[in-house]
Each structure stands twice: as C-alpha cells, then as structure tokens.
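Peer 1: Here is how the chains run, residue by residue.
Protein chains: 2
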Amino acid sequence: MEPKGEKIDHPAGACYNTALPPPLEDEYKEVAWAVPAFDKEANAPRPIEPIWIARPKIGPHQVRFEMLYCGVCHSDPSCGLNEWGGCVYPFVGGHELLGKCIEVGEGVTKVQVGDYVGVGCMVDSCLECEYCKSDEEQYCANGMTMTWNSPKTHGRVLGNPETHTHGGYSGSSVTHEHFVVKIPEGMDIQRAAPILCAGITLWDPIRYHGLVDGPKKVVGVCGLGGLGTMGVKIASALGHKVVAISTSASKESMAKEKGATGFVVTKSEESLKANAGTMDIIFNTISADHDINTYLPLLKTNGIMVMLGGVTKPHTIYQMGLMFQRKTITGSLIGGMKATQEVIDFCHKHNIYPDIKMIKAKDLNEAWKALCEGKGDGVRFVVDIKASLQDESFLPK
Amino acid sequence: MEPKGEKIDHPAGACYNTALPPPLEDEYKEVAWAVPAFDKEANAPRPIEPIWIARPKIGPHQVRFEMLYCGVCHSDPSCGLNEWGGCVYPFVGGHELLGKCIEVGEGVTKVQVGDYVGVGCMVDSCLECEYCKSDEEQYCANGMTMTWNSPKTHGRVLGNPETHTHGGYSGSSVTHEHFVVKIPEGMDIQRAAPILCAGITLWDPIRYHGLVDGPKKVVGVCGLGGLGTMGVKIASALGHKVVAISTSASKESMAKEKGATGFVVTKSEESLKANAGTMDIIFNTISADHDINTYLPLLKTNGIMVMLGGVTKPHTIYQMGLMFQRKTITGSLIGGMKATQEVIDFCHKHNIYPDIKMIKAKDLNEAWKALCEGKGDGVRFVVDIKASLQDESFLPK
Chain A
1 MEPKGEKIDH PAGACYNTAL PPPLEDEYKE VAWAVPAFDK EANAPRPIEP IWIARPKIGP
61 HQVRFEMLYC GVCHSDPSCG LNEWGGCVYP FVGGHELLGK CIEVGEGVTK VQVGDYVGVG
121 CMVDSCLECE YCKSDEEQYC ANGMTMTWNS PKTHGRVLGN PETHTHGGYS GSSVTHEHFV
181 VKIPEGMDIQ RAAPILCAGI TLWDPIRYHG LVDGPKKVVG VCGLGGLGTM GVKIASALGH
241 KVVAISTSAS KESMAKEKGA TGFVVTKSEE SLKANAGTMD IIFNTISADH DINTYLPLLK
301 TNGIMVMLGG VTKPHTIYQM GLMFQRKTIT GSLIGGMKAT QEVIDFCHKH NIYPDIKMIK
361 AKDLNEAWKA LCEGKGDGVR FVVDIKASLQ DESFLPK
Chain B
1 MEPKGEKIDH PAGACYNTAL PPPLEDEYKE VAWAVPAFDK EANAPRPIEP IWIARPKIGP
61 HQVRFEMLYC GVCHSDPSCG LNEWGGCVYP FVGGHELLGK CIEVGEGVTK VQVGDYVGVG
121 CMVDSCLECE YCKSDEEQYC ANGMTMTWNS PKTHGRVLGN PETHTHGGYS GSSVTHEHFV
181 VKIPEGMDIQ RAAPILCAGI TLWDPIRYHG LVDGPKKVVG VCGLGGLGTM GVKIASALGH
241 KVVAISTSAS KESMAKEKGA TGFVVTKSEE SLKANAGTMD IIFNTISADH DINTYLPLLK
301 TNGIMVMLGG VTKPHTIYQM GLMFQRKTIT GSLIGGMKAT QEVIDFCHKH NIYPDIKMIK
361 AKDLNEAWKA LCEGKGDGVR FVVDIKASLQ DESFLPK
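From first to last, the protein sequence lines are chains A and B. Per the UniProt record's numbering, the very first residue in the first sequence carries number 1; after that it's consecutive. Per the UniProt record's numbering, the very first residue in the second sequence carries number 1; after that it's consecutive.
Bound-form chain A, shown alone (with noise of 0.2 Å):
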C-alpha cells in the first residue's frame, strides 16, 4: 500500500510526505518529536521538531501506557533520514518505549494499571502464520508491523487506518497486549529501555545459537555501540569468553569493562594475525560499510558471522572461504516477544543494563548526528519523556 500525500525520490528510495489528518472519534491527541517532512530545496529531510498526533483510544486487549523513556536505535536515523528509502514524514522514532501502563482494554490478562511495560520494535503481526505461532513473530510471513513507520495490516493497531505508525518519541502510547512485554518489579527503568531493541537484538541470536544453555564457546562481537556492548554484556554474564574486536585500540578498556577478555584492533595486522582461527561466533553489530574479509579469518572452522547491523552496501564473498573451514554467514532481526520477555528478565536477574546516556527530546537531532557519526561509544541514548514534557520550548503549539 502506497502511503497517501507528495512521493519524493531519493538514491535509497522513495520517501512521502504526508498530512496528517485530525484525531478521529476513537483517537486521542497526543506529543510527539517528529522529523515533519523532507525539504525538496535543501534535499534533506527537516530536523526533528514537536508535532501533535493521534493515538488511538483503548480497544479489548489494548494496553494504554504513559511514556516515561524511550531508547534511540541507530535504525531511528537510518529510517528517518531516509537512509533505507521508504521513510513516510512526518516520522516519529523510537521503538524502545518503557512506559506506566495507565489504562486496560477489555480481556487483558498481561498486565494491570500501574505496572511498568515495554514496546520493542514491532506491535502488530498476523499471529496465524508458522514463524508467529513459533514465536518468532518478527519473521512473520505476512510481515510484522513495525512500531514506527509501517502500514496498519493486521487489525491490532487501531486508530486511523491510513496513517503509518508512529514511534516513541511520545508522551504515551496504546498498543496490543500481546506486543507488550511486563517490566519486572525492581528493574531500573531508566536503563531498562534499550533492552527492547538492543538487548533483544544480540539475545534472539546468542538463544537461537545455542549460547544459553550450550557449552561455552569463544564469542567475538564487533562493532561497540548500543548493540555491541549489549551482546558483550549478556555473552559474558552467560560465562563464554568474549572478545571485543574493534578498529580502535582506545575502546579496549570500555569493552574490557563491560565483560569482555580479549580485544582484537582490526587496524593491526598484528593483532588480527595474533587472534586468526579462534572465535567459534561473531556477532557482527557495524552499522557502517565495511569488509567482513577483515573479520571472517578471525572465526575457527565451522565458525559462524551473524550479521545485526543496518548495513545497506553489499558484502564481497569467497565461496571458497566459506567451504575450506566450513563457515557460516547468517543474519538476525530483533526477536519474538516470547525471547524479549525473556530478556528483559535475563537482564533484571543478572543485573545486566545498557550503559546509558540520558537526554530530552530537543536533544534528538545532535543525538542522531552522533550515532550516524559513530560517536555513540558504547552509550545508547535515552529520552527522558517526563522531562522532555516539561521543557516548552519543543513542545507543539
């Protein structure tokens, strides 16, 4: 389905923007921070400013919850400076929404009025399908909707059919209890937030490849922002040996602090040629182009790559590589909601959290530059939303 309003082309591919129309009868006005519309003469798309928006109302199984932080994703700029193509303006970011829940729909039997909830990437799916009813409900063959940015397709979104889905950047939120997981008593939801995407990013792939209840194995992970020093986290508090590797000798410390052992710099030929044949996986989390001919040789035989950053250009690969050490390049998207519950209680109980950089919602547009910069070193930015609610200089009119 074409998004009504202006289609505009773009390198990466189209993106439109749109009006949006008033609240409906079964909507509610809502805060939101917005990048509003992409600017044909400066050829870019507008910095993020406070716009209004409709939320829907509650609906049986909704869960309405007050926004208290809302993590910020890479894939936030990549989706709302166009990068991917397809962006629909006015964008709003955000799918690591940590909220209060303030009112139930009918039939909700997941949480109650009061309790602490979270929204990670996704908030609607057919359910019906073989991946949803495996819990993997981000693989859906009917396609999952995504929390920002997506058309409204399997009836558990409600509110305004023809408008796309709007993020986090928000003051509160009304989703579907089955895409709500329970924040449990005593987590400190401040940092709680990034768990939804980042935490869940590196757990789907850490669970599906045996490292939960495997043998211990040897886990490099590369790239050391929001998600690397995730998977860093959860990999070694699941007592593997954990390997940071990285193109800057001065993150060792940082890594080192988060739970890793070893460090590998990928500028040294050294220290490449020192660590070649001895990670048995690699959770490759760059959202940068690079050349994974640099990081395969690190892998033993029967190694695995899994790819988990948005990287658009493509990879250069030698079959013959892959079949002389029989080694595996895979990729992995989020998780099931079944697995992020399980995360986030996986991280409540080993005291795991995102290191965290805590902002408000005019803080956003230099947030975003750092990140597409690759200045976030390890730290994922949250907005404060209460605080941000507060400031009236970047609230709507």
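Think of the hints as simulated: they come from the structure by calculation, not from any bench. Bear in mind that the values here come from a model prediction, so they are computed numbers and not experimental data. Some hints could be false.
Heads up, the list lumps identical chains together, so a pair's fine if it works in one copy or across two of them.
What the hints assert, rightly or not - Mimicking EDC-like on lysine to aspartate or glutamate, the simulated pairs with C-alpha atoms at most 20 Å apart in a straight line are:
| id | residue 1 | residue 2 |
| --- | --- | --- |
| 1 | K7 | D26 |
| 2 | K241 | D213 |
| 3 | K133 | D280 |
| 4 | K182 | E2 |
| 5 | K362 | E49 |
| 6 | K386 | E6 |
| 7 | K216 | E130 |
| 8 | K313 | D291 |
| 9 | K241 | E130 |
| 10 | K360 | E103 |
| 11 | K29 | D213 |
| 12 | K338 | D363 |
| 13 | K241 | E103 |
| 14 | K7 | E103 |
| 15 | K40 | E269 |
| 16 | K369 | D289 |
| 17 | K133 | E162 |
| 18 | K360 | E66 |
Take the given structure of chain A and dock chain B to it, following the hints.
Peer 2: Below, chain B without anything else, positioned relative to chain A:
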C-alpha cells in the same frame, strides 16, 4: 613449501613446471596420465598424455591397490588447468579411486588382499587436531594432504618427499589404511568411484544439517552435474522433497528421473516467483560464476544455502536480506573418512549410483573440456583404467 622447479606467473596464481625424479629405492614405476607441463609459448597447460611416475612401495599400515576405475571431477581440470593457481606439473588428476587391494603392509586391519577399496580426495592429515579427532579430517587444523597436487606433510604418504601427490589417473596406488574405505561386497564397482568425491561432498552437508535422521524438508539442488545429481538421489532416498534448480528447462525430465519432484528454471521469472520462499535448504553445486541472489529468494525464513562448487569469483551479498529472514550462507568441503564410509554404505544399501559414462584415458582431454563447458549433464565420466592400460597408443614409452 614452494615446489622445486620453474615458477610461472599466472593470473589465477603461479604454477610450477617440475621434472619428476626417477623412482627411489623405496618406490616403483607406474603408468599415469598427466598434464605434463604448462606450455609457456602457448600460455596454456599442455594436453593430458601418458607418463611414468613413482609410487611408494608398501610400508606399515599401507594398502596397495591396482586401479580399476577413477572418476573425473570438475576440480580435476580446475586444478590441472591452473584455474585455481598453484598447480604443480606434471599433474596427475583423479580423486575418486576405485581399486582392488593387492598388498597390505604390517598392521593393516581395515582391508585384506582381494578386497575392493576406495580412496577419495585426501590421503593424509595430522590425525591429532580437534577436527581430525572428531572425524572431520578434511578440516585438519594442520592441513589435509589432498590426493593430488599436495606436498607430503604428515608422514603417511610414503615415497619421495620432494614430489607432490599424484591422483588416480594411474595404474595403481598406495595409501595409508586410515584414508582407505572398504567397498562392500556386491557393490557395483564400475559406478561406485564418483561416490568418493561427488557422493561425500553432498552426504556430508546433508548429514551435518540434520537431514539424515531429522524431519523431512524441502531440499533444493542447483547445478545438475555430477555433484547435484548425487544430491538429488541421496536427498530423495532420505525422504525429502527435492526440487532441482537449473538455468535450463531441458534438464527437467533428467532431474525428475533421478528423484526430484519439483523443478525451477532460473531463467523464468515466473518459475522463480512461484517457488520463492519454499525451500529449507539449497545445495548449491554450481561450479561456474553465478549470482546467488537469484537463488536466495527461493529459501524460506531460516533457510540455508550450502556452497559446494569450486567458484573463485566473489559473490555480492546484501546482509539485510539475510537478516530479515534469518537466512544463512555456508560452505562445505567433501567429508571425513567416517562419513565417506557412511555414504559408500548408504549408497550400496539404497542402490544409489551416479550416472556414469565410461571412458578411456585417451578421452580425458575431451572429458575435461565437456566439464569446463558445463556439458557433463548429470553424467560423471569414469576412466576404465584396465582398458586404458591395454591401449598401447596411449601408454608412456
């Protein structure tokens, strides 16, 4: 260890013209058919011709066998024509050796004089590393010794240590019993030889990816030459639904005769579309340059593509394509000795044989040409060694 002789620059990698020394005291003279040298004036390898080579005399744990049949694999010309670089001339091809044991060294327990025996792609490895110890000698951490074109490094290949290994286009050979498989009584020895490479190359990933004992799957096979047709036969004997994939519609009836129940023509957009997302695993046996992005969409979510052909040109791979459906690209290389015995026994039990065309040594140049031009058409050439030895027009002086 660089071979002694003349080093010749070549775009694929240097090759070497060497002079074979006369047999040492612990060696004997044997007929072989070889690419004798790289012709610098013609800038091409010379055609195959009969030559004398030296084979080692028997030693402890060694098995000497008269050669009866030797299969012709695509990798024979790939190596012998220096397409991979590194060929040491004279090059004696053939790594699907089927013979009759005529002498056993002290301590041999696996076979007796009179038994039919097979030797595949390797004749030695360290037998001490973790891979050798887990029956995957092909991934020996210290490097397996291949049946042809390999230096003799681990001590189980006797004879002159300065010459490289010579393959099965020859009157007899001597191999350590660890690298010999026993051909069961009653097996059709005329057709069994190609199982030792084409068969094991498919059997090992079929085994590794759980298709021997696991649930029934939809198995794609692309490339319908010697490897691919063995894949079709073995996978269908195991009860899987097998879909053959080819550029050419003309191969459909051939593929179906061999056990495929589905067929995809990759030149037809319609056929690709109708079969998109239907396969659990694809065995990619194509040995010429090709675009794997044509084939990846045929995989289901969680699907695996196993690369098996000797393709040197790199592939272009989009990681987000792998991520959004957790698709995997992996490789596999022949198989260990335990698995090689398994596939021989399995093929015997299920009466599975490659479709062969019996040739004589003098037909080798033409057979190589047919393979290089993709004209094998599901038929494996097998050299009848006994008949070749009776053809005086093509024996060494």
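Peer 1: Given identical chains, is K29 near D213, meaning Cα to Cα at most 20 Å, within a copy, between copies, both, or neither?
Peer 2: For K29 and D213, neither the intra-copy (46 Å) nor the inter-copy (58 Å) Cα distance is at most 20 Å.
Peer 1: Given identical chains, is K133 near D280, meaning Cα to Cα at most 20 Å, within a copy, between copies, both, or neither?
Peer 2: between (30 Å within a copy, 18 Å between copies)
Peer 1: Is it within, between, both, or neither for K241 and E103, if the alpha carbons may be no more than 20 Å apart?
Peer 2: neither (44 Å within a copy, 51 Å between copies)
Peer 1: Given identical chains, is K40 near E269, meaning Cα to Cα at most 20 Å, within a copy, between copies, both, or neither?
Peer 2: neither (45 Å within a copy, 37 Å between copies)
Peer 1: Since the copies are identical, ignore which copy is meant and state whether K133 and E162 lie within 20 Å (CA to CA) inside a copy, between copies, both or neither.
Peer 2: Classified as neither: same-chain Cα gap 28 Å, cross-chain 62 Å, threshold 20 Å.
Peer 1: Have a look at K7 and E103 and pick one of within, between, both or neither, based on CA distance no larger than 20 Å.
Peer 2: Close neither inside one copy (38 Å) nor across copies (79 Å); limit 20 Å.
Peer 1: How would you classify K216 and E130 at a CA-CA limit of 20 Å: within, between, both, or neither?
Peer 2: between (31 Å within a copy, 16 Å between copies)
Peer 1: At most 20 Å between alpha carbons: which applies to K369 and D289, within, between, both or neither?
Peer 2: Classified as within: same-chain Cα gap 17 Å, cross-chain 41 Å, threshold 20 Å.
Peer 1: Evaluate K338 and D363 at a C-alpha cut-off of 20 Å and name the case that applies: within, between, both or neither.
Peer 2: Answer is neither; intra-copy 33 Å and inter-copy 62 Å both fail.
Peer 1: Between the shortest in-copy and the shortest cross-copy C-alpha distance, which are at most 20 Å for K386 and E6: within, between, both, or neither?
Peer 2: neither (34 Å within a copy, 77 Å between copies)
Peer 1: Have a look at K7 and D26 and pick one of within, between, both or neither, based on CA distance no larger than 20 Å.
Peer 2: Answer is neither: 28 Å inside a copy and 80 Å across each miss the 20 Å cutoff.
Peer 1: Within, between, both or neither: how does the pair K313, D291 come out at a Cα-Cα threshold of 20 Å?
Peer 2: Classified as both: same-chain Cα gap 10 Å, cross-chain 16 Å, threshold 20 Å.
Comparing the model with each earlier hint shows violations of hints 1, 4, 6, 10, 11, 12, 13, 14, 15 and 17; every other hint is respected.
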